[in-house]
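So the sequence lines, in the order shown, correspond to chains A and B. The first sequence runs 10 to 124 under this note's numbering. The second sequence runs 67 to 178 under this note's numbering.
Accuracy of the hints is not assured; some may be wrong.
[To be verified] No farther apart than 27 Å at their CA atoms in a straight line, the calculated lysine-lysine pairs in the DSS-like style are these: (1) K143/B with K170/B; (2) K134/B with K112/A; (3) K126/B with K112/A.
Simulated from the structure, these hints should not be mistaken for lab results.
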Amino acid sequence: KAGVTQTPRYLIKTRGQQVTLSCSPISGHRSVSWYQQTPGQGLQFLFEYFSETQRNKGNFPGRFSGRQFSNSRSEMNVSTLELGDSALYLCASSLDTGQGGEKLFFGSGTQLSVL
Amino acid sequence: GNSVTQMEGPVTLSEEAFLTINCTYTATGYPSLFWYVQYPGEGLQLLLKATKADDKGSNKGFEATYRKETTSFHLEKGSVQVSDSAVYFCALSDQAGTALIFGKGTTLSVSS
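Start from the sequences, fold in the hints, and give me the full structure.
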């Protein structure tokens, strides 16, 4: 069974540009969530999607957005990039049985560098 | 709000030593608790979890017990191996969603 796939693996952008990251969840997983990992702030929750709807959102500015498609694939977009957006962006998927304590399966991440 | 505090690293041990990584949490309600591990060059993966008070999660020789009275979920292993070298993250989620709140991570380095 294929794992969570994130593309691209590495990305270099300049300030002010926008970027789109892609995530393909494990087949059959309905929930996709995104996290930002930086040395200073650690792992922080961005948002979660289920059945094409954003169900949960972290404390990030509106420049960070996402969406989920009918096949559960997800994209996140960051507009007007800032230097502080340089980070590893992780996508995770889960079955979402609704019982809590869900195991998340993480992708290898997209390393974004903003120059 | 909910938060997780775990001991700062790095933790450096010799092979076969005993490991404890402390983790405490602040949360309303009854969160689920997790330990995730990030091996060098690999993605985050679930190591173990516990979903209610007094539950013990275990995997690969690692154990952690959900202690509600002390709001703790300390990770332990009786005898570490070089292959256990990794970054360990304590995390919690609320009952409803898959949003995880992570601790800062603890780097473990085991030498032979």
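ask   = Is the straight-line distance between the alpha-carbon of K126/B and that of K112/A 27 Å or less?
value = OK: K126/B and K112/A at ~17 Å, within 27 Å.
task = Sort out whether K170/B lies within 27 Å of K143/B, counting only the CA atoms.
result = holds (20 Å)
key: Holds or violated: K134/B to K112/A, with C-alpha atoms at most 27 Å apart   = holds (21 Å)
When held up to the earlier numbered hints, the structure conflicts with none and fits them all.
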